[in-house]
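Chemist: Letter by letter, the chains look like this.
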Amino acid sequence: MTTTLTLTTRSIPTGAVLTVAGDLDHDSAGQLRAAVDAIVLRPGDLLTVDLTDLAYCDSTGITALIAARNHTHTHGADIALTAVPSTTLRILGMLGLDQLFPIHPASEADA
Amino acid sequence: MMCETTDGGPEQDIGADSTDAGGGGEDANEAELAQFSALLEDSAEDLYEHAPCGYLSTLMDGRIAKINTTLVDWLGYTRAQLLGRKRFADLLTMGGKLYHETHFAPLLAMQGQVSGIALELKAADGSRLPVLVTSQVKTGSDGQPMLIRTTVVDARDRRAYENELLRARRHAEQVGAQAEQARAEAEHARQAAEIEHARLRQVMAILQSSLLPPELPRVPGMEAAAYYHTASADQLGGDFYDLFALGQGQWGFFLGDVCGKGPQAAAITSLTRYTLRAAFQHASDPVAALDTLNTALHDRYSGADPRYCTAIAGTLSPHGGTLRVTVASGGHPPALLLRGDGAAEYLPTPGGLLVGIMPHPHFTTATTVLNPGDTMLLYTDGLTEARTADGPRYSEDHLHAFAQTLAPAGAQQTISVLTGLLESFGNGLDDDTALLALGNPAAHTDPESA
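Those protein sequences? They're chains A and B, same order as listed. Heads up, the first sequence is in this note's numbering, so the first residue is 1 and it goes up one at a time. Heads up, the second sequence is in this note's numbering, so the first residue is 1001 and it goes up one at a time.
Think of the hints as simulated: they come from the structure by calculation, not from any bench. Idealized CB from N, CA, C, for every residue including glycine. Certain hints may be false.
What the hints assert, rightly or not - To give a feel for the contact side, a few chain B residues facing chain A, derived at Cβ under 8 Å:
hint, residue
1, CYS1259
2, GLY1260
3, PRO1306
4, GLY1331
5, PRO1333
6, LEU1337
7, LEU1347
8, PRO1350
9, GLY1351
10, GLY1352
11, LEU1353
12, HIS1360
What the hints assert, rightly or not - Computed Cβ-Cβ distance ranges for the label pairs, DEER-style:
hint, chain 1, residue 1, chain 2, residue 2, range
13, A, THR6, B, VAL1175, 54 to 64 Å
14, B, GLU1196, A, ALA106, 52 to 62 Å
15, B, TYR1346, A, ALA106, 22 to 32 Å
16, B, ARG1201, A, ASP27, 45 to 55 Å
17, B, LEU1200, A, THR14, 24 to 34 Å
18, A, PRO105, B, ALA1278, 38 to 48 Å
19, A, GLY44, B, GLY1221, 33 to 43 Å
20, A, ALA34, B, GLU1196, 26 to 36 Å
21, A, GLY44, B, PRO1348, 30 to 40 Å
22, A, PRO43, B, PRO1348, 48 to 58 Å
23, A, ASP27, B, TYR1346, 24 to 34 Å
24, B, ALA1401, A, ASP27, 43 to 53 Å
25, B, HIS1197, A, ASP27, 37 to 47 Å
So here's chain B without its partners, still in its complex pose (with noise of 0.2 Å):
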């Protein structure tokens, strides 16, 4: 009823200004002023039931002592539900009704006034309606606190434009989310195919180095060096060599080139290299071994997709202090000697046929003696046919007039000056290069002077 008196206050006071200008003589003005005033509340108590906000006044205890209309309707109870019955607390959630019972009553007894409270009013019906809550202690004369005056608006709106933006945050949210998630298995792909591609180029370097021996054996009165070049680092190479313990003193050696490069030529590498060497012990005879290696490739592959190798194959027999040599050849370069007198030449072992061209082929041989600071250095072609900085590729003639001017050296030095030669050629080496030398050590020199 505090409530009712204040608020009508003001609509008073206009009506009674109105009337006063009408006390100007005129009729006009009395007129629409008479209008303007019908346009207004025509009481009080109209604007206070009817208002766009509830209005609520409780006792200092918290039951609701007067209620206008527009919260009545609002909380679908009727008056008489309410009135003396509830408290203001038991309108609201449970959440609310602990705020309040926290915050908003202390903070209200302490300040006599709480402004703009977002809570939540719980209907008949058990909806929710969210509200802003302004709260005001009304005193006595005595300054005691009478009852609570309490304004109540509708923030229906302004909640479902807060989860509106909450939900294009979350929206947002999300996309960001989504964008990161596609992004980390982008990654994740990328990071996939990196460890797939270094599984595959582990697997390769395994199946390559499958094909060589790994460290060549030591022999006793005799230094073996070998160098092997890749052409590239993802293809297999078809050049080979091996040198092994035939017994009795004797050992067995062999160097080639199969035709073609990738995975079909390192299985004919493989394949050609442990023929070899199954068959050299056998029979410690070069040309049965290139005889049976021929077999094996010939009955294999003929026709319109002929895989062959050449290859150069020998024994080694100590005999005093030098080395007896024989060699076979398929189809490969010959060998070429480097003489501890400082000579160069090649041990020609012309006409041998390519292996595994023809069902029987004539295999050729040649013999020589290794003394002590002669070098034997067995090559494939990757070195002759390398091309040159100059243009035009390097020969095997360009390779003796090399050799000339290097002999005398040992299996080492021969390999180390090579593998420079091999390296200035850069990218003009566009072929796997094998390099194996087999020499007879100098006697009693330092290996500064070789």
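Isolated chain A, as found in the complex (with noise of 0.2 Å):
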């Protein structure tokens, strides 16, 4: 029933990748936190959420990805989430999230 919850960063010259993969709960945020944290931010960077293989994302995963958008405006870098699933951007849509972050489908991600 729970899958576990799979980070990968890597870089790019126009910023960073960050891969999330499983599910994004209450038990799993901290760590979705803990990787935005480590992650080296310049001004004008842009760091690229990749949701493609998100199962599932409770309102403290809804949080982790608010906080991580403060993280990066907070150095002067964007946010954008890429391959969001359905489920997701319907929560999103509800929540007005999607006039908070940029979301752009799959193939943006390998830009």
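Reconstruct the complex from the two isolated chains, following the hints.
Modeler: And the structure:
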């Protein structure tokens, strides 16, 4: 029922790509926060969060994404979500967060 | 002197026997017997004086007439201090004297003999000597009692042994008592912990209940019902709702969900509930109320530890036989309408942002009218995100389908049926869940057909 959360980070010339796979919930949200804190961002960088394999995201997971957004903005960088699964996309829409996060289709993660 | 004679007798007999045996004419035997005899007491007098026990002869009035050296030595008196001057009872401790007078002497007078009585002698230096005493009355040829013969056996070793036993028993009792005390202390600590735990639960239950209206007010021309489920008895929930009068027949309501669980979430739940309530009293406008709440949350919680909530707030105004509804949503799932004609539909409020995230958010409003038989349901995502028994989570689509089969239904009926649905999720209901139903009662229908 519960899958573990897997996080991988890779640097690209314009910033970093963080891949989030598995369940992002009350038990695992802290891992995402720690991973985001560990990413070095320069002003103007873009942190792309790839959600292709995100299985489930609850309200604490959403909070961790908002904290990630606050973190990038503090460093003068920006954040974008890519390949957001439809259920999460619906939640983001309901919460009005599609206004806060630039959301891109899957192919742009590879850019 | 009688004592001497009697006690000496056997010894003399043995001597006489050996002499007779020697008469057999065998020199070797005779020499052996002589040697044997030499090993024995050379005189009855010496045996009496230095026997391993004390001998004492007293007159019938108790005065000491004769005493052997062993006993004189034990007592530390001179013979002159004792003979004719002290009575046997004078040698005893106070308790011994009493016992002698009340038991020992009468028993002796009655039976002529008393044996093995444990007493304590008091020596000249005041020290005490535990002894076992046996006495016998010597009668004359006329049967009259003449004197009392007494043997005194040193019982110090025996007393020491008894004391040792006593000490061992006391020690065992003490150890037992200590163990019992330790057990009692452990039990006490356990009870104290239990009481503390119960107290804590009580505090949490009180705090929890302070976050909810204890009972929904009775609203004329409207039916209201609510349900609240906490995922864990030990966890303070983050869901909230309220229904209250705004004056001039208008009513305000809200329902929401603070992100997170536990005390931090509960503190924000409290802040949220009272801020919304106060904001509504200031201006009967749901958007203004959510704006005020947003400012309160955003000012206090932002950055790495953002705190926010989703909320749906609104007003109800009676108009003719209908209720006019205005709702504003901040990131909250849409209200569900169960129409009197059997239809069910969401009241969309898209794009309303979570409350507390941005300095100047835009909240979305929607309006509708509740005709007689219509019911509006507000809920938190504990319902729409519950894990169903089959595996997939319950969803808004499931809820919509469920409402279509349920409608038409009054507020109380809607809550009752949904409570049953939530209970069917069992452990799958892993979040707090709040439900609030507000309905315009169907005209002239009896509740059973509703």
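Chemist: If a hint holds in the structure, say so; if it does not, say that too.
Modeler: Consistency of the hints with the structure:
With 8 Å as the threshold, the beta carbon of CYS1259(B) comes within range of chain A, its nearest partner Cβ sitting at about 5 Å, so the hint holds. Of the supplied interface hints, the one on GLY1260(B) holds, with its beta-carbon coming within about 6 Å of a beta-carbon of chain A, less than 8 Å. Of the supplied interface hints, the one on PRO1306(B) holds, with its beta-carbon coming within about 5 Å of a beta-carbon of chain A, less than 8 Å. Below 8 Å, beta-carbon pairs count as interface contacts, and GLY1331(B) has one with chain A at about 4 Å; its hint therefore holds.
Among the interface hints, the one on PRO1333(B) holds; its C-beta lies about 6 Å from the nearest C-beta in chain A, closer than the 8 Å criterion. Taking 8 Å as the C-beta contact cut-off toward chain A, the hint placing LEU1337(B) at the interface is violated, the least distance being around 17 Å. Residue-level restraint check for LEU1347(B) is violated (minimum Cβ-Cβ distance to chain A is 13 Å; threshold 8 Å). Hint on PRO1350(B) holds. Least Cβ distance to chain A is approximately 7 Å, under the 8 Å limit.
The beta carbon of GLY1351(B) is positioned within 8 Å of a beta carbon in chain A (closest approach about 5 Å), and the interface hint is therefore held. Checking GLY1352(B) against chain A: minimum C-beta separation of about 5 Å stays under 8 Å; hint holds. Here the hint on LEU1353(B) is kept, as its CB sits about 3 Å from the closest CB of chain A, short of 8 Å. Checking HIS1360(B) against chain A: minimum C-beta separation of about 12 Å lies over 8 Å; hint violated.
Here the CB-CB span from THR6(A) to VAL1175(B) is close to 60 Å, well matched to the stated 54 to 64 Å. Distance hint check for GLU1196(B) and ALA106(A): the Cβ-Cβ separation is about 54 Å, which falls inside the suggested range of 52 to 62 Å. Between TYR1346(B) and ALA106(A) the Cβ separation comes to about 29 Å, which falls inside the hinted range of 22 to 32 Å. ARG1201(B) and ASP27(A) have their C-beta atoms about 24 Å apart, which leaves the hinted 45 to 55 Å range violated.
Separation of LEU1200(B) from THR14(A) is about 52 Å and departs from the stated range, judged on CB atoms against 24 to 34 Å. Judged by the Cβ atoms, the range 38 to 48 Å given for PRO105(A) and ALA1278(B) holds: they are separated by roughly 44 Å. Restraint check, GLY44(A) to GLY1221(B): a C-beta distance of roughly 60 Å breaks the suggested window 33 to 43 Å. Between ALA34(A) and GLU1196(B) the Cβ separation comes to about 35 Å, which falls inside the hinted range of 26 to 36 Å.
The hinted range of 30 to 40 Å is satisfied by GLY44(A) and PRO1348(B), whose Cβ atoms lie roughly 38 Å apart. The given range of 48 to 58 Å is broken by PRO43(A) and PRO1348(B), whose C-beta atoms sit roughly 39 Å from each other. The hint said 24 to 34 Å for the Cβ distance between ASP27(A) and TYR1346(B), and at roughly 31 Å that hint holds. Here the CB-CB span from ALA1401(B) to ASP27(A) is close to 31 Å, at odds with the stated 43 to 53 Å.
Taking 37 to 47 Å as the suggested C-beta distance range, the pair HIS1197(B) and ASP27(A) does not conform, at roughly 25 Å.
Going down the numbered hints, you'll see the structure goes against 6, 7, 12, 16, 17, 19, 22, 24, 25, while the others check out.
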